[in-house]
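Taking the hints into account, I'd like the entire structure generated from these sequences.
So the sequences go chain by chain: A and B.
In terms of UniProt numbering, the first sequence opens at residue 1 and continues consecutively.
In terms of UniProt numbering, the second sequence opens at residue 1 and continues consecutively.
Hints are computed from structural coordinates only; laboratory data are not their basis.
Predicted model, so just to flag it, every value in this text is computed and none were measured.
Treat each hint with caution, since some may be false.
[What the hints assert, rightly or not] The calculated SDA-like cross-link candidates involving lysine to any residue, where the alpha carbons are at most 25 Å apart (straight line), are: (1) B/K239 <-> A/G165; (2) B/K39 <-> A/S137; (3) B/K40 <-> A/G170; (4) B/K49 <-> A/D174; (5) A/K488 <-> B/Q19; (6) B/K230 <-> A/L272; (7) B/K207 <-> A/E270; (8) B/K49 <-> B/P273; (9) B/K17 <-> A/E270.
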Amino acid sequence: MRIGVIGLILPPTFCFLEMMWRICPALAVGCTVVVLVPPASPTPLLVAQLAGELGQFPGILNVISGPASLGPVLASQPGVQKVAFCGAIEDGRALRRALAGQGPELGLALGAESLLLLMETADVDSAVEGVVDAAWSDRSPGGLRLLIQESVWDETMRRLQARMGRLRGGRGLDGAVDMGARGAAARDLAQRYVREAQSQGAQVFQAGSMPPDSPFFPASLISDLPPASPCTQAEVPWPLVVASPFRTAKEALAVANWTPRGGSASVWSERLGQALELAYGLQMGTVWINAHGLRDPAVPTGGCKESGSSWHGGPDGLYEYLRPSGTPTCLPYLSENLNYDTFGLAVPSTLPAGPETGLSPAPPYGLFVGGRFQAPGARSSRPIRDSQGNLHGYVAEGGAKDIRGAVEAAHQAAPGWVGQSPGARAALLWALAAALQRRESTLVSRLERHGVELKVAKAEVELSVRRLRAWGARVQTQGCTLQVAGLKGPVLRLQEPLGVLAIVCPEEWPLLAFVSLLAPALAHGNTVVLVPSGACPIPALEVCQDMATLLPGGLVNVVTGDRDHLTRCLALHQDIQALWYFGSAQGSQFVEWASAGNLKPVWVNRGCPRAWDQDAEGAGPELGLRAARTKALWLPMGD
Amino acid sequence: MLAHQRGTELDLSWISKIQVNQPAVLRRAEQIQARRPVKKEWQAAWLLKAVTFIDLTTLSGDDTSSNIQRLCYKAKYPIREDLLKALNMHDKGITTAAVCVYPARVCDAVKALKAAGCDIPVASVATGFPAGQTHLKTRLEEIRLAVEDGASEVDVVINRTLVLTGQWEGSDFIKTSTGKETVNATFPVAIVMLRAIRDFFWKTGNKVGFKPAGGIRSAKDSLAWLSLIKEELGDEWLKPELFRIGASTLLADIERQIYHHVTGRYAAYHDLPMS
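This is how it looks when you write it as structure tokens:
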């Protein structure tokens, strides 16, 4: 089902191209679009005029020409269901913070830097042409990080410098130039970067015949930049190339992934096995092998980490503008008086429970981290009361340290879990389903103590078992091949796990929701940190006892405690790849705001409960889509 | 005249380290043809420059002294006099780079050039052109006889048997092919050859020349070839000592382009002297 009204905010460069990539699928599925473009680009206005002349459907495409500060204004208009932002990383972060609680979903496509990995087994001359495409042509979106294997460093630099000498700059419309200019702001950014790099000890080589006046900036090659310098962390602006050496393929992968951004990259090597291994290992949205900068509408283009998680092109591009049927429209739920600095900071102290009644002492539960139950860092527990008000049990009071430990354990377990074959993952999920079934009577009695009717409790357990089995069967295998016109060779659309997924489970359906969220996350190769229902966490902890024996340690981690405090820790954690929050409206708003830290994709319920027992909401394809990310792998062929 | 190469020792390890990625080279080839268009008076200048690189060739079974004589005269006066005068280039000595004929016709070519008062070299194809499948003794004798008759350049067909078994020879020029194959001079192949020439120069300091032959018929093509040399090797290689185009009908098309530039009209073939 289509989303509705889309607001689109575009950057000063490549305005028209980015706009067409996004409005075409949006209009195709039936959404209407309002676009905000910077005043310097008139072409989008022309397109809107042409769209207006269609007569029958005025208003499907609207273009406003205005400064970037209008972005949040557009986004907070009532009726805008989704905002797609394309531009600089810091602007995206600011927009994410500004839109917390406003209602619309936010899709970010940030940054323009790309990466080129040159192995010693590459065709160096062709790779140099790849560098030209990536950084020194009008088609390049931004600057380039160039990683060169040490053994071919000298010959690559020599060829790069010779090639740079042949570059020509001039007015963009002159057919014989390679590079135009992108405005004074872009030029100043490049100039500042070069100066800073030089002051940090780098060598800068500039060449090419450029007109000497502003705003033309010559093609620049920066080398010997110390890895610890601030410039290495910052995004490389156009038309700069920062070259660094590496020794082995393993080091190359480590250096390539050692950046908060994850846009696009190319791997140059004539050894197929090596090229594929690197391509799979890179944390990027698009990877080209022995090519750079190829694009096609049928292939999804997007990023991961701080490059934003919105896609255009391919099926993922269409999913951006669709939502499951029956989802209510997004309304603003802003709470004006939410203080981001203090939300969830202090844990309200719990009074000790009264004397225990009942036959046996209430069982205390620890935190389930790293495959076993352990005591929380704060060494305290909170009592859980049943529907009568009697003491049901004690659960651990988890805090920031425990969250940290849980995330670390999840990261440690991640490579092993990703490396498992789909069959092995499916087998584990089915084993867990079987264990849950064996535990049915205990789970039913625990649910009953919290006021759930026997019939409903039984149904809940049964549905949980069924869901686990279903997701086990749906375990994703590696992606599909796309057909791209004009390219000889396949393009693979891979489904990769996000990494560590943090889930704050809802209060409703304490067992079913827990399982319904856990299963798709695991099925897609993620490792999970969960915060179970606050009032009734014990069924989840019972399941953990089975997970302790069946699943590898660290795969699933469950931390109990004050939900707001734990949510705060999770939302602010920089090393969590995605966060699903099903709690209060204020919590949702905080999660949206705090996710701007590492721009992790979030899914919040805005305080509205979900019908987890309905398959549409509890086991629909939306869960699967949100639990994985896409990577497009281009493999041009020919010899 | 070409300076003779001193050459180097054959080092096969250089070759084994070379990698060529075909799709990337194809992309570069497409790019070069599109990227550097030359217009107006600059195009006319480039075309005249292209003329000076042509090895005006006739390699037909029915070559006789009469068509050789016509060819040599055309080599001396490649563009009609009045067109050159209109461009103010009539006194720059614009001729083609050489005349290329079969060994048996070298005598005729030398005589015709002398009669025309032209000192451009006569190039001879030799060594069992075009297949190269004759005895070594006769091939060497062919070269000797051609040089005796007055040829100062020889296009040698390499022994493909030796190539396919990895036994290599050296040379002053490399040529894309005999020009008599089904596929002759294409940009992707040329790019790889030019990169090899450049690498050899960087390693040894020796400059090897390049000659594409076969299939270059239009003036537009010739401009693309000049662009390619300029981009990959630089202006140093844009000299007849290091770059030749083996062509026969190309000259006519270039002349027609120059005619159009000077007069603004499109010429018929018969408006311009036959070659």
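Hints, one by one, checked against the model:
no.: 1; hint: B/K239 <-> A/G165; in the structure: holds (20 Å)
no.: 2; hint: B/K39 <-> A/S137; in the structure: holds (22 Å)
no.: 3; hint: B/K40 <-> A/G170; in the structure: holds (19 Å)
no.: 4; hint: B/K49 <-> A/D174; in the structure: holds (23 Å)
no.: 5; hint: A/K488 <-> B/Q19; in the structure: holds (20 Å)
no.: 6; hint: B/K230 <-> A/L272; in the structure: violated (33 Å)
no.: 7; hint: B/K207 <-> A/E270; in the structure: violated (29 Å)
no.: 8; hint: B/K49 <-> B/P273; in the structure: holds (20 Å)
no.: 9; hint: B/K17 <-> A/E270; in the structure: holds (11 Å)
Hints 6, 7 from the list above are not met by this structure, while the remaining hints are.
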